[in-house]
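Participant: Sequence:
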Amino acid sequence: MVRIGVGQYTSMAVNNISSTIYQHLNEMTVGDNVTWSQNGFQRFIYMPDNSGVQNAVFTFGQNFDLIIPKTTQPYSIYLVNNTKMIFNAGAQVDINQYYPDVVVYLSGSSSIQFISPKKLHLVMLNTNGTPANNGYGVIYNFGSASPAFTINNSSLSSWTGYDASQKNPNGDVNGQFSQLIINNSANAYLVNSDGSTTSTKILSNQSREIQTNSIAPGNIYVQYVDSNGNNIGSPKQITLPDGAYIGQFINLKSKEVAQTDMPANYMWALGNQVYSGVKKDAQSGGDSLTPNDNGDSDTGQANVAIVPVLGTNFTYKVYVYGQPETTSYEYVDKNTGKIMPSQNAGTAAPVSSNYGNIIDWTNSYYTKDGVPAGYHISTTATQPTTITVGTSNPTVQLYVEGNSQTVTPTYQTDGGQTLSPASPITISGITGQNVTIPTEPAVDNYEISYVLVNGQQVAPGATLTLSMFTSHWIAHELLPKQPLSRLMLCQTFLMLIKRRRLTRSRLINQQPLVLFKRLSLRMLWWLPKILVC
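Positions 2 to 534 (my numbering) are the ones given, in order, by the sequence shown.
A few of these clues could be false.
With a cut-off of at most 25 Å between alpha-carbon atoms, the simulated DSS-like pairs for lysine-lysine come out as follows [to be verified]: (1) Lys120 x Lys202; (2) Lys256 x Lys202; (3) Lys202 x Lys168; (4) Lys168 x Lys237; (5) Lys71 x Lys85; (6) Lys281 x Lys237; (7) Lys339 x Lys369; (8) Lys237 x Lys256; (9) Lys120 x Lys71; (10) Lys254 x Lys237; (11) Lys71 x Lys168; (12) Lys280 x Lys256; (13) Lys280 x Lys335; (14) Lys281 x Lys254; (15) Lys335 x Lys369.
Keep in mind that the hints were calculated from the coordinates and are not lab data.
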């Protein structure tokens with residue numbers, strides 16, 4: 002195995018000494034923009050039948066420059082045993098063979114391919130440098146590969162007999178094609194757009210010299226597509242580098258594509274930000290003859306464009322995602338107008354607030370998960386449906402209505418004894434509705450002292466907003482309501498004293514304000530009774 006890095010320069014000059022690449026090599030990879038110059042060797046590559054190497058592969062990168070002013074033996078390129086040789090786009094190959102025989106010899110199932118070369122010059126000369134012709138041509142397939150020789154996107158001139166480019170620069174036979182192949186011997190065919198072939202005389206067993214001429218490149222466009230699969234604007238033509246050649250790979254992650262021409266408020270899409278279904282499309286607007294421009298293998302995002310031939314335009318889809326923006330929403334009680342925050346704050350929304358994204362307010366994330374406790378989404382109010390995120394987004398209001406509630410208060414004495422009212426009181430309404438705390442329980446001989454709602458003390462008769470709560474009532478004994486004699490009053494007073502209704506041990510546990518009110522009211526009521534005694 003031999004590997005030559007990108008941008009290397011290799012130069013060798015000898016006199017009739019073997020071949021540069023000889024016999025036992027099974028793989029060779031040459032990077033892009035490499036220049037290889039040799040002179041005086043017998044051949045460039047020689048893989049004879051007895052080499053024992055099967056399935057050898059020789060790959061030359063884009064813009065490879067091969068300069069061979071002179072080889073001294075036949076078959077400057079000799080391939081057997083299913084050897085494959087590939088010259089990637091932009092190659093410039095110049096082989097001058099000073100021996101009157103085939104220049105490119107293919108045997109077995111071997112093949113050679115030129116992808117959109119800038120220049121391919123093969124010439125057969127006598128040892129003294131005069132034009133030679135042995136009747137086989139410069140390229141001959143003695144094997145079974147079909148096709149054995151392929152070249153595309155070129156115009157070609159060939160010289161037959163003993164004519165030469167120095168004497169006749171225009172060539173004897175000329176033609177332009179998208180693809181030309183040799184299947185057997187030296188017979189050439191043009192490949193049509195439907196895959197059928199047509200024989201041609203551009204290249205034949207009488208061609209002793211051939212010269213391709215590069216064709217001007219076509220255009221590359223970029224179509225920006227958002228996360229919903231919608232085109233943003235019209236396709237934009239990108240700038241090709243100086244000296245661009247057909248088949249050249251163009252990096253689409255360039256500043257021009259990813260920044261300068263990027264639509265406002267968008268950025269390059271990554272991962273799951275890329276529109277779904279992209280991989281299946283496989284950048285269908287690009288080169289259909291190769292998978293090299295099908296996009297990123299994971300997402301289908303555009304990464305490489307291929308320069309087309311003159312008269313052809315390739316359009317690549319660059320998928321973009323909106324810049325982060327701010328959106329907000331709140332819940333509004335339809336009946337009271339009260340504004341309430343969401344219950345699912347801090348959790349991930351189904352769709353992020355990025356420019357151009359469509360937020361669906363009918364999603365259960367908003368109509369169920371985020372609805373405040375005790376409420377449900379209103380079915381009678383006019384509700385928002387969707388919003389396309391922009392750069393300035395209003396606060397969205399979702400209307401809710403309170404759930405129906407019925408609260409049955411419980412009654413307890415100071416000592417914690419639960420009392421059973423003769424006629425239970427219930428408080429009914431909907432969440433958010435104002436209700437009044439009843440002033441009197443239906444418990445004989447007891448009066449309301451205070452009310453606890455969710456542990457908070459409120460006054461009897463107070464107005465509260467109904468919410469999700471439980472309550473219990475603290476009740477006290479009621480004095481008989483019928484008139485009493487002086488003796489009965491005194492006995493009642495003494496009985497209450499005995500039962501320690503007003504003793505310090507019962508009063509010190511009361512809250513100051515409650516204690517003050519209770520003492521004041523009771524003293525005003527009891528004072529005249531005490532005087533009677």
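Participant: Compare the structure with each hint and give your call.
Facilitator: These are the hints, each one checked on the structure:
Proximity of Lys120 to Lys202 is assessed by CA-CA distance (about 20 Å); at most 25 Å being required, the pair is judged to hold. Using a Cα cut-off of 25 Å, the hinted pair Lys256 and Lys202 is violated, with the two alpha carbons roughly 46 Å apart. At roughly 21 Å between alpha-carbon atoms, Lys202 and Lys168 fall within 25 Å of each other, so this suggested pair holds. This hinted pair does not check out: Lys168 and Lys237 have alpha carbons roughly 46 Å apart, beyond 25 Å.
Our distance criterion of 25 Å between C-alpha atoms is met by Lys71 and Lys85, whose separation comes to about 24 Å. Restraint check for Lys281 and Lys237: the C-alpha separation of about 23 Å stays at or below 25 Å, so the hint holds. Distance hint between Lys339 and Lys369 is fulfilled; the C-alpha atoms sit about 18 Å from each other, no more than 25 Å. Our distance criterion of 25 Å between C-alpha atoms is met by Lys237 and Lys256, whose separation comes to about 14 Å.
Annotation: proposed proximity of Lys120 to Lys71 holds, straight-line Cα distance about 17 Å (limit 25 Å). Only pairs whose Cα atoms come within 25 Å are accepted, and Lys254 paired with Lys237 is accepted, the gap being roughly 15 Å. Note on Lys71 and Lys168: the hinted pairing holds, with a Cα-Cα distance of about 20 Å set against a maximum of 25 Å. Of the pairs offered as hints, the one joining Lys280 and Lys256 holds, with about 24 Å between alpha carbons and a cut-off of 25 Å not exceeded.
For the hint linking Lys280 to Lys335, the alpha-carbon distance of about 47 Å lies beyond 25 Å, and the restraint is violated. Taken as a hint, the Lys281 and Lys254 pair is honoured in the structure, with Cα atoms around 21 Å apart against an allowance of 25 Å. The straight-line distance between the Cα atoms of Lys335 and Lys369 is roughly 16 Å, inside the 25 Å bound, and the hint therefore holds.
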